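Visitor: Take a look at the letters that make up each chain.
There are 2 protein chains.
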Amino acid sequence: MIREVTMENVRLDDAFLSPYYRLVSGAILPYQWNALNDLVEGADKSGCIENIRIAAGLSEGKFHGLLFQDSDAAKWLEAVAYCLQNGGALEWEARADEVIELIAKAQQPDGYFNTYFQLTAPERRLTNLYEAHELYCLGHFIEAAVAYERATGKRALLDIVRRYVDLIDGLYGPDEGKRKGCPGHQEIELALVKLYEATGERRYLELAKFFLDIRGTEPNTFAEEYKALDGFSEWSKRKVPMPADYSYNQAHKPVREQTEAVGHAVRAVYMYTGMAEVGRLTQDESLVKACRVLFEDICRQLYITGGIGSTNHGEAFTFAYDLPNEINYSETCASIGLMYFAHSLLKIEARTAYADVTERVLYNTVLAGLGTDGESYLYVNPMEVWPEASEKNPARAHVKARRQKWHHCACCPPNAARLLASMGKYLYTAETDTVYIHLYAQSDMTAELSYGTFGLSVRTEYPLDGEVAVTVKTDAETPVTLAFRVPGWCKGAKFALNGEAIKPVMKDGYAYITRQFAAGDTVGIRFDMLPSLVYAHTNVRADAGKVCVQRGPLVYCLEERDNGTNLHALLIDGETDFTETADTIGGMRCVRLTARGYREEDAGSGMYAFTPKRRTEQELTFVPYHLWGNREPGEMLVWVRKG
Amino acid sequence: MIREVTMENVRLDDAFLSPYYRLVSGAILPYQWNALNDLVEGADKSGCIENIRIAAGLSEGKFHGLLFQDSDAAKWLEAVAYCLQNGGALEWEARADEVIELIAKAQQPDGYFNTYFQLTAPERRLTNLYEAHELYCLGHFIEAAVAYERATGKRALLDIVRRYVDLIDGLYGPDEGKRKGCPGHQEIELALVKLYEATGERRYLELAKFFLDIRGTEPNTFAEEYKALDGFSEWSKRKVPMPADYSYNQAHKPVREQTEAVGHAVRAVYMYTGMAEVGRLTQDESLVKACRVLFEDICRQLYITGGIGSTNHGEAFTFAYDLPNEINYSETCASIGLMYFAHSLLKIEARTAYADVTERVLYNTVLAGLGTDGESYLYVNPMEVWPEASEKNPARAHVKARRQKWHHCACCPPNAARLLASMGKYLYTAETDTVYIHLYAQSDMTAELSYGTFGLSVRTEYPLDGEVAVTVKTDAETPVTLAFRVPGWCKGAKFALNGEAIKPVMKDGYAYITRQFAAGDTVGIRFDMLPSLVYAHTNVRADAGKVCVQRGPLVYCLEERDNGTNLHALLIDGETDFTETADTIGGMRCVRLTARGYREEDAGSGMYAFTPKRRTEQELTFVPYHLWGNREPGEMLVWVRKG
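Residue numbers (the working numbering), protein chains in the order written: chain E, 27 to 669; chain V, 27 to 669.
Derived by calculation from the structure, the hints in this document are not laboratory data.
None of these values were measured; they are calculated from a predicted model.
Please note that a few of the clues may not be correct.
Identical chains blur together in the list; that is why a pair holds if it fits in one copy or across any two.
Said to hold, decoys possible - Below 27 angstroms or equal to it, Euclidean Cα-Cα: the simulated DSSO-like pairs (lysine-lysine) are: (1) Lys-88 / Lys-265; (2) Lys-517 / Lys-639; (3) Lys-533 / Lys-373; (4) Lys-315 / Lys-418; (5) Lys-279 / Lys-418; (6) Lys-517 / Lys-418; (7) Lys-180 / Lys-499; (8) Lys-315 / Lys-265; (9) Lys-180 / Lys-265; (10) Lys-204 / Lys-279.
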């Protein structure tokens, strides 16, 4: 069985990714701590830590925020844990311990912990899983607890969440007499799998499976809750109409029968991750098959930047090939969830389609989700920015022209923090005597193979350039297979073993080299990194006549700062060469591209004219999408007209 | 002073417009009567007439519909009046009289009439002008009453509305002791001007002026109402937050200081019409000047089809050049209101820019707003239709892929009916000894000039072709000026007087010919009607790289039926010739166009590929926009990529 090469076994020291590692420890953790404590001037109020203090009896006041405000603290704790595991953020351990102590004080005798219900409506706790996010919050605390125990050996938070999980496990389940229900916002499923893997207790896995199995079956547990509550909504505090169906929550049909990614995108990908994990661990081929089908469908609803969720209405998927550029949603959290899903699929089978998505998502949308200062964030990751439209057209109000200090609904910033602090675990998987290399980053890794520990050292500046050297650090005791991912975007990859060109066996986009490797053996790879024009599928109406510039895994964009206003008036020459220039934006290294292009101008006058436009030559400057919006604010554009 | 040449003085017998005249009498009036009486199977319930019966004490039951449900009856009555005036719909006069009798019975002793408040909340009548639409409904009944009296000589409805207006006039006004307020939905302003013109009673004009003068001044009367009602909303029946500002209702600043068209588009253009009318009749240059500025701004927010309202959020204007094609609103009512506004401006000064808008709106969006069967309607007039997106992307749910039988909010269908039944009045204006010809339609007209009656006969198939013959029917007693509009879209107009080519004096887009005309004098005009590619202003980002096909005033579109699916994959050759073919769609004559074009197909595979698209030649078939969606449902596209 394929397994993750966990963070303990990966030491990352990468020109491209490590600055983000350092950003989390050095800037993001302290900034987010301040945000969670309402110490950032001009930022939306959080109240998150204060809510816990109030619930712990250490402060007075009212609950502030959304039903799931607690989860921000959980994600922050998880990020601290990963930073500690990476050897950073040592000064934050004591602060994290304090938060955990607060939670311990706030936890109710029976294990329950949720500041929203404890402080505003204790009598309604665990009655409205559809809306109430209790299991979602618990899921995040489970993830934090597992990570924190792993990083520090401290079990306090793990004990807290296990008591809470035990409460839930006692109440809900397939057995007669237990309640039937499942979360309105999925998350606990994947978290319970982590808890199972951390503790070995199979009932956690069973509980995750139960929440998946019951979802979307009849009688729908959400409909039952609705009736029991007489339609009372925890969100609007009054009776509301019953939803027409539960596709928003992916509970419109049993999970194994779902074939299209629908509804709220974060809920969806968290659930699919849970399905893949439970499917893998219980060897449930029906779950795995559903995951494959859903993944294929997501790929047809995937922005080139790795964004998902074509509409802000319900922060949701729409349908295949519907990828509007002006009004896309592409929530940072949704892309993070998609990374989880693709990563879980890579633990089932090594296919470059999965890692292509992991890479596309990480190197584009996830990194774009935060400013290079670590103190500004995007909830929505735009495909194009027209600041005046964001301000004056309400249909585009969700597309912010600049990163925000914080969000009223602040799920994304700490989610990005925990993801970026744990990038090490997305690079490799291992299976018996095979090591899979999915993402190329300068790092040293070890994996336990059948005979013992095997080590690799990877030296590269990928994706800044396409040269990779993978050196074996230990003599293998049996033939070992190294499986190198050849990215889907790559037009040509050249392999050499100890300086001699070789042609590895290719399967599902991986180059397999089997050999009884000796310490010092080096596989050199050269990926063709030439910038290219990318064309979207013809069914993507929004991209007709347009191209995107991509170099390696990095999607590029035009910004007003480099190219002037009205980026839609620009065209790139379809036959252009690109000039590459090393640059930095916000302190991050990057390769700037210039290309031959044109600007169209009106030849006639008035709104509508019969005179064809005039074209003048204009050199176009492209910068990596993940660094957009880190200079002066202005227009931005990913899909550019081809002329 | 320029004045309208009213419908009594225009006999329309036009190949293009008269079928719509007949459609109103023959199909629309009966169908809408059925709809207003809930007799159309599968249509949204109206309850409109039944509400009046209940209020009249002749039926029992509950009020049904929206706050302004009464206005549908008013617009229907107005449409009946115009049809009667045109000599049609004779069988509907008795039915209209019955409705008027019902209203008389329902009217309260003090003159008040509004079924919503009478049946659901009499105690709150006239307390919430911001939301309650009472003055809006009254405005529509005024328009109906003036039209009905004019058509039939019957004064019953006029007496009803005058009693109601007297009630309002007694309550509201600039005098001390009177209430300060203005309608949340403008309409009564322009209606009061009609009442003034019909009765000569200046206090109606003064009341219209009062409603305009007080609007947007401090203290804002809407804010005062809000406070008095403690925030109670008539729409949501609970306390709601105070609006951030009143731009939605164009009450964010005094009307004379408004320079940008903002907020709800129908409200806006109804108000601007009132401003233009009051400005003209009171010779208030400050009002007229504001109208000119607002008109200019509207022209920058105007779809090529004559649609306004770029967003469904508030059915509203956004800002100059923001004209998204996938999610536009372009409500039929808003375009109708824009016709009113442009027509009112033509009574101030003859400028072809105004008539260009009247024409663009009428021949494209207004006609598109109803099916050729007269029994199906569009509320939103799309710039492109992708049926699957309308169904599955909530951001596009308002863009219906097919006309509807009726609407929950049914303002548009009867508005279209009254507009189409009164088209005669938009053709001509007159002033001293000048006759202005704004729209070309086969018709006979008379106008009172300084010395007496002057008559013209216009023979044409415009806009099917560009030949127009205007024959004077009476000897003029003094030199008379004929001012012929040369449409803004026209690349060349040739004039001849009695067969001899002439070059008239041009001013503001009108060709002036002054002469002591004799009966039989004929001015021949030949407008260049060749189909052309139209380019939008470069600031219109949504139309970059695209062209629209226009022939005369008619905007064309591609439909799936003629061109296959995925219209975005099609390109029109920028150098194409067009072939014209006479055709009919839904019984309406039209000219079909074919052009040289291409279809793009994927050369590579997958969502994102490096291979440029393949192009194959494909002949493109364009049909007039106003006839789209009258055959099989499918995709539709106005702005087409140019290749």
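Visitor: Evaluate Lys-88 and Lys-265 at a C-alpha cut-off of 27 angstroms and name the case that applies: within, between, both or neither.
Guide: both (24 angstroms within a copy, 22 angstroms between copies)
Visitor: Since the copies are identical, ignore which copy is meant and state whether Lys-315 and Lys-418 lie within 27 angstroms (CA to CA) inside a copy, between copies, both or neither.
Guide: Between copies only: 25 angstroms across, 45 angstroms inside.
Visitor: Are the CA atoms of Lys-180 and Lys-265 at most 27 angstroms apart within a copy, between copies, both, or neither?
Guide: Cα proximity of Lys-180 and Lys-265: none, with 44 angstroms in one copy and 50 angstroms across.
Visitor: Under a CA distance limit of 27 angstroms, which applies to Lys-279 and Lys-418: within one copy, between copies, both, or neither?
Guide: Classified as between: cross-chain Cα gap 17 angstroms, same-chain 39 angstroms, threshold 27 angstroms.
Visitor: With identical chains treated as interchangeable, where does the CA-CA distance between Lys-204 and Lys-279 reach 27 angstroms or less: within a copy, between copies, both, or neither?
Guide: Cα proximity of Lys-204 and Lys-279: one copy only (22 angstroms, versus 62 angstroms across).
Visitor: Treating 27 angstroms as the Cα threshold, decide for Lys-180 and Lys-499: within, between, both or neither.
Guide: neither (32 angstroms within a copy, 102 angstroms between copies)
Visitor: Go through the copies and call it for Lys-315 and Lys-265: within, between, both or neither, with a Cα cutoff of 27 angstroms.
Guide: Cα proximity of Lys-315 and Lys-265: none, with 39 angstroms in one copy and 50 angstroms across.
Visitor: Can you give me the call for Lys-517 and Lys-418, within, between, both or neither, at a CA distance of at most 27 angstroms?
Guide: neither (43 angstroms within a copy, 36 angstroms between copies)
Visitor: One pair to classify: Lys-533 and Lys-373, alpha carbons no more than 27 angstroms apart. Within, between, both, or neither?
Guide: within (16 angstroms within a copy, 77 angstroms between copies)
Visitor: Within, between, both or neither: how does the pair Lys-517, Lys-639 come out at a Cα-Cα threshold of 27 angstroms?
Guide: between (36 angstroms within a copy, 17 angstroms between copies)
In the structure shown, a violation is registered for the earlier hints numbered 6, 7, 8 and 9, in ascending order.
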